[in-house]
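Kindly generate the complete structure, drawing on both the sequences and the hints.
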Amino acid sequence: MVLMTVTATDTGTRALSARARSLAEDSAEWLHRVRLDPQGRWYERLHADADHEVWIISWLPGQSTGFHDHGGSAGAFAVVLGELQEALPEGPDVRTLEGGQVRGFGGHHVHDVRNVSGAPAVSVHVYAPPLSRMNRYDLDESGELVTLRSESAEDW
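So for the sequence shown, this note's numbering puts the first residue at 1; every next one is plus one.
It should be emphasised that the hints constitute simulated quantities derived from the structure, not laboratory data. Incorrect hints may have been included.
Said to hold, decoys possible - Label pairs and their calculated CB-CB ranges:
(1) PRO92 <-> LEU148: 20 to 30 Å
(2) HIS32 <-> ASP93: 30 to 40 Å
(3) GLY118 <-> LEU31: 15 to 25 Å
(4) GLY40 <-> THR147: 32 to 42 Å
(5) GLU25 <-> SER142: 17 to 27 Å
(6) SER142 <-> ARG33: 35 to 45 Å
Glycine is no exception: its CB is placed at the ideal position from the N, C-alpha and C atoms.
Right, here's the structure in full:
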């Protein structure tokens, strides 16, 4: 696996995006670990230290995260195989990311990531600091976010 250090003083979205891109480009080191699960997205943590963590996620068609944040952690994800869509709560527009594309985001980002294609997808995610909690949301009739629940790292 390509080693690239992400430190507490260098955890901006540019560094996190570079780490995600590097891991996606060197997927031969970890792609064999990916599993497909018809019951829900499959995920595994590849790396964790005091400054950041790395996750791989597989997505079958129709699987999604629902609206969520990352508990104050900044992050980035790279699509390795297939394509994913990212929806934001503030509008109807969605961003489609294909293999090789990376999306970085700050610590207050809320999104819904989903596979609406007809084929499986795989992505690699980097968060700094490591995730300690995530909040799940829904949109009410007026388009405002409503908190459904908060999850701690022990829940994953």
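Comparing the hints with the structure gives:
Taking the beta carbon of each, PRO92 and LEU148 are about 21 Å apart, inside 20 to 30 Å as hinted. With their beta carbons about 36 Å apart, HIS32 and ASP93 fall inside the hinted range of 30 to 40 Å. Distance hint for GLY118 and LEU31: a CB-CB separation of about 21 Å, consistent with the stated range 15 to 25 Å. Take GLY40 and THR147: their Cβ atoms lie about 21 Å apart, and the range 32 to 42 Å is violated.
For the pair GLU25 and SER142, the supplied restraint of 17 to 27 Å is violated, since their beta-carbon distance comes to about 42 Å. The given range of 35 to 45 Å is respected by SER142 and ARG33, whose C-beta atoms sit roughly 42 Å from each other.
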